[in-house]
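Q: Protein sequence lines correspond, in order, to chains A and B.
Offset between the first sequence (1-based) and the working numbering: plus 14.
Offset between the second sequence (1-based) and the working numbering: plus 39.
Calculated directly from the structure, the hints in this document are not laboratory data.
Every value quoted in this text rests on a predicted model; they were computed, and no experiment measured them.
Cβ atoms here follow ideal geometry from the backbone N, Cα and C, with glycine treated the same way.
There's no promise every hint is true.
Calculated pairs, DSBU-like style, for lysine-lysine (alpha carbon to alpha carbon, straight line, at most 35 Å) [stated by the list, open to error]:
| no. | chain 1 | residue 1 | chain 2 | residue 2 |
| --- | --- | --- | --- | --- |
| 1 | A | K143 | B | K92 |
| 2 | B | K92 | A | K169 |
| 3 | B | K276 | A | K130 |
| 4 | A | K143 | B | K276 |
Chain A regions said to be covered by chain B (calculated; three or more residues, Cβ under 8 Å) [to be verified]:
| no. | region |
| --- | --- |
| 5 | 159-166 |
| 6 | 187-193 |
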Amino acid sequence: MTLTAEHATMPVLGRLPMHSSRAEQVAHIAEAARQIRIQDLKLVHYAGAGHIGGDFSAIDILATLYGAVLDISPETVHDPERDRFILSKGHVAGALYTTLAAFGFLPVQELATFLKPLSALNGHPNRNKVAGVEANTGPLGHGLPVAVGHALSAKLDVSLRRTYVLVGDGELQEGSNWEAMMAASQYQLDRLTVIVDRNRLQQGATTKETNDLDPLPDKAAAFGFAVVEVNGHDHGELLDVLSAVPFRPGKPTFVIAHTHKGHPISFMSNNVAWHHRVPDAAEFEQALKELK
Amino acid sequence: MTVLETRSIADQPRYDCRDAYVETLAQLAEADHRIVGVVNDSVGSSKLNSFRKAFPDRLINVGIAEQDMVGVASGLANGGRIPFVSAASCFLTARALEQIKADVAYSNTNVKLCGMSPGVAYGELGPTHHSIEDIAWLRAIANMTVIVPADPIETAAALRWAAAVDGPVFIRVSRMSVPKVYADDYSFELGKAITVREGNDVTLISNGTVLWRALAAAEQLAAEGISARVLSMPTVKPLDTEAVVAAARETAGIVTAEEAVAAGGLGGAVAETVVQQHPARVTILGFPEFAPTGSAGYLLDRYGLSADGIADAARELVRTGS
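With these hints in hand, go ahead and build the complete structure from the sequences.
A: Below you can see the structure in the form of structure tokens.
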């Protein structure tokens, strides 16, 4: 079975009205995340490819950013003063496309083209093809330096626009990130927020078994960042933390979001096999049931 | 031109193209607040001290971190700035090649990459510091424009052109002293060869620090009754294929001469064109191997990139016929 328009059926949620209560916002994010996961599950299942484990790890963060944090909308997607979000772990493009569709940046029907010939929805995001994508990513260790450039340009403009970048934890093994962190600190880019999707798994093994990142909070602090740790699947915590940056004036923020690859699906969660495995029919039905 | 004039080109005052670079960059920055410099600790080697003094906030020094430097430039461009990345070409292009590919070229961001001291300018420092591969690497990347200016006038003109267009550009900025080849009213035109000397027996195609040597070679040949056309090819990509095909059709063959590896650069581009559009003889002069230590001038001579070496190659082409 291939991905067709009938499988791209998620509701477009849009933004809540201004001055919504925190409880309303959290509920909105939670429902968005649920819908995004259902659609992303279909995306990967029917396309026969994708990175569902990393998608599900990051979706609560993406839903919080687009649902309540980022000052950006489909109408302001090219406004120079928009906030910027860069998905550095570009292999979870499916999660980003589905999130953008959920918030009206991308026609939901277009999700049906994911990975098909000539689709704008490549396996890795392209800023010139998809409105809302700020950087072409895929090779790891690129998003953070680019985000530093965004934040620097905002600072030169004396603008209040913010830059958020989501990096995978395994991705932090790329040295370019640490070059960028030094520069972010040197230039006191306190409107830059790095969010680490800390699921502790990379492609084939744990980060600890591969090239251990710990003590990650200490390392980030030593590079001049204000470090905050959150439960990356708790929408309330994510909302509070990501809305409240910077935590220290003059310092960029480093949010370590503790997550599980494949969350919250029972047989995927924290299971390294689900880096880019595709759910078969039975697994698809089971996952769908768990998300309903 | 006469032989005497040829001697005079070699005897003319020499210029470091980096001076034209910094002077032009400052003029551009004065006129357009979007222009910023981005460097990897290379303020001195890019001669940007005066720029830093004039625009302290607009010279961004990320330290010795080339991958970050190019990524930062891409982000700056997204924020509406026009970054001129200025770093030794050997480190800029080799160390940040994936960033150049993904963050600049594939992303089609408005970043200008200025490869300083390219070729064998750092002769004595050895092959780690020679940047003879940069043209071949960058020419292979889609969306990337590759410009190799021959003198300070062309360097300034290419910079002005690059600042005015939206998109990725790579410009080589030489530190090896060269005489002026162009008059002050020269204006750069993308993808256009300039016939700097008419001729019908053989064609010399060159750019960068070797162009004036090709002109000197043409003078030697003229004294022997060989009429050599000299094409200046500042834009390696996109290449002026019409001029190349005309040369292939109208002369006995083509000699390319550049301060770069013999595979994949200007010579490669010319050969690809000729082979596909009008088969003709092409002799490619460049570096066939990692060069040994020695001054830039010594290395150019050693690998046939002197006036004598270029003239020898042209003579051989004419002698063996087409």
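Q: So, for every hint listed, does it hold in this structure?
A: Here is how each hint holds up against the structure:
no.	hint	verdict
1	K143(A) / K92(B)	violated (40 Å)
2	K92(B) / K169(A)	holds (19 Å)
3	K276(B) / K130(A)	holds (32 Å)
4	K143(A) / K276(B)	holds (25 Å)
5	159-166	holds (count 8)
6	187-193	holds (count 3)
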